Amino acid sequence: MNEEWRKQLQKKLDGHRQAAPQLSWDEVESKLALASGKTQTPFWGQRIMAAAAMVALIGGAGVAYLLLNNKHNAAQVANIERQNAPQQLATQRSANNQMVGDNNTQSQQQLPHNNLVAGRYITNSNANYPNPNSRQAQGDDLYAANNSANNSAQVVSSPQNNIPTTAANQDYTSNNTSKNSTDNYPRRANTTETHPKRTDASQDALITNRPKGQKGGGAWTATAYVSGGTVTANNTELQRPALAMARAYGNTVDEEIRKGDYVQLQDALPAVETNTRHYQPFRVGAAARYELNHRWSIDAGLAYTRHRSDITRRTGTIVNETQQTLHYLGVPLNIHYRIVGTKRFNVYASAGVMGEKLLTGKRTTDVNYNGVPDGTQTESVKEKPVQVSVNAAIGAEYKFSGRLSIFAEPGIGYYFDNGSDLNSIYKERPTNFNLNVGLRFGINK
Amino acid sequence: MRFFIGDKEKKLVNRLHDGDKTAMQDFYTLYADYIASVGARYIDNDDDLKDLMQDCMVKMITSIGQFDYRGPGSLQAWVTRIMVNVSLSFLKQKRTEAFVALDTDLPDEPDNGYPPLDEIPPDVIHQMVRELPTGYRTVFNLFVFEDKSHQEIAQLLGIKRDSSASQLHRAKNMLAKKIEQYNKNNATR
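Protein chains in written order, with the UniProt record's numbering: chain A, 1 to 445; chain B, 1 to 189.
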């Protein structure tokens, strides 16, 4: 067929429209509802979000419960009840009731104090993260993390300057910590009496003075860390257009055509070759950690993560070089278990969940046509679903002084598919190794 | 010709990616007539066309997540491809006899030439294409509008390469005849 005539026909009908048959949107929607089995995927993001919200809610409720019913005191009540001799039951019950009442009063007094510390700390973290100079080198980021960690220390340490350490408190500590031994039983009454007299400050001092390795809890710790590495993910994808007129954009959606009787065309248009290189995300974070007892602790915080990817797309002689930068802000919730520990050194295991939201993202594309630069396009990147991940790590912590310790946590994380089509390392390598390095500061010790 | 370029199209894609329901309706409003036209080139029965448009819309909406915006016109190109694929699938399944007939050897036909198209409105050409027999029409559309080679058409429709060429020749001759007739009628007026 005459090529010119063919082009004329093409031109004549390019973008031609005709009145669509009587097909209303409602009809489309009803068919869409029928096919909804296939459309579940995008809603996974919402489900995961709901699950994450539940976890956060339960976690938050747990923390609130712990604050209101200080673990330290609760353990004591239980202990006393367990040790009651039958003949003393009636009297002891009334004593216990009184004590529970006292505990409640005290918890309420203590609550604003803890909240204040946590609140200040988090505010401070917010001010420091995410780091606005996101393109800086890792060295700078480390500096920023240290800097912010120092700031945290300054803020959080101020309310704690006047912690008294009294002999009475020491005595209380020893009574309390040896509560499981029967020898301690006669001293129980004494404990009950002294307990209501304690002030907030003395309560804090108690925890501080408690020797390591003994049962206890209630200590708050501020954590600042950086996470990064040298691992990258590379991917090369060769996509051939199924129909030439479709200009090789997007993916082939029609499985019947791709797999069925039709043979996919190999030489209709030059194939699209995409090379993607995702660099290891860089993360800085801060968290407030609460010690449940000497083994278990939980933390919650904020984490800022920066992703960088280089994407090169070749279609024949057209080369698009894209640099993608994504900024995520996440809320991690972790639980830690101390495996072994000495006065200066601790080894612990951590596990946790994190929900992350894309704050902002940018894609800058340099277009090269036949080897000649053909302009630069910049577009912003959006992602609606929350990215949920789970992680586990082993941590080692070294304590410099009473307040300051340094830690390193090699870990592994898994990022769930959130249904978005954003090309990131989370999608490319859902399982990711990472190393967190940071500092911890005791707040109320 | 494209309905909209650059930002507008991109914004619509973003809204679709976000699962915005009104975006789906906007998408349908904007593309329904275009999809109808692409489909009508392949499908001559309006009831079938309606069903296939419905399939096409559902396919597009459910797989919009796989669509990656690649610049102006990419959404339209994607839409075209889906509609063509849906139509071909349908023809392949329901009208296999049309393609079987394609493989029967046809005696050589003299070339009717290439009559000028300038004076013919697009709607008329479109209708003329629709009136071609299904088998001829499919080959003609794939060759002319989807830029397929005979080798590709043969693979797509499961026919011989030579059949594709002879079908195209026949389709072109039929169309040329119609166009000549139209031009003649038009000139006499």
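One thing to keep in mind: the hints can contain errors.
Stated by the list, open to error - DSSO-like, lysine-lysine: derived pairs with alpha carbons at most 27 Å apart:
1) B:Lys8 with A:Lys384
2) B:Lys94 with A:Lys362
3) B:Lys59 with A:Lys427
4) A:Lys362 with B:Lys10
5) B:Lys177 with B:Lys160
6) B:Lys21 with A:Lys362
7) A:Lys31 with B:Lys50
8) B:Lys21 with A:Lys384
9) A:Lys382 with B:Lys8
10) A:Lys7 with B:Lys177
11) B:Lys21 with A:Lys382
12) A:Lys12 with B:Lys8
13) B:Lys11 with A:Lys31
14) A:Lys384 with B:Lys160
15) B:Lys59 with A:Lys384
16) A:Lys31 with B:Lys160
If you are wondering where the hints come from, they were derived from the structure by calculation, not from laboratory data. Given the structure is predicted, the values throughout are model-derived calculations rather than measurements.
Status of each hint after checking the structure:
1. B:Lys8 with A:Lys384: This hinted pair holds, its Cα atoms lying about 20 Å apart.
2. B:Lys94 with A:Lys362: violated, 47 Å
3. B:Lys59 with A:Lys427: Since the Cα atoms of B:Lys59 and A:Lys427 sit roughly 24 Å apart, the hinted pair holds (cutoff 27 Å).
4. A:Lys362 with B:Lys10: It holds: about 15 Å lies between the C-alpha atoms, which stays within 27 Å.
5. B:Lys177 with B:Lys160: holds, 26 Å
6. B:Lys21 with A:Lys362: holds, 26 Å
7. A:Lys31 with B:Lys50: Within the cut-off at roughly 12 Å; holds.
8. B:Lys21 with A:Lys384: The hint holds at about 15 Å.
9. A:Lys382 with B:Lys8: Distance ~16 Å between A:Lys382 and B:Lys8 Cα, so the pair holds.
10. A:Lys7 with B:Lys177: holds, 19 Å
11. B:Lys21 with A:Lys382: holds, 18 Å
12. A:Lys12 with B:Lys8: Between A:Lys12 and B:Lys8 the Cα gap is close to 25 Å, so the pair holds against 27 Å.
13. B:Lys11 with A:Lys31: holds, 25 Å
14. A:Lys384 with B:Lys160: Outside the cut-off at roughly 49 Å; violated.
15. B:Lys59 with A:Lys384: The given pair, whose Cα atoms are some 22 Å apart, holds under the 27 Å limit.
16. A:Lys31 with B:Lys160: Roughly 37 Å separates the two Cα atoms, so the pair is violated.
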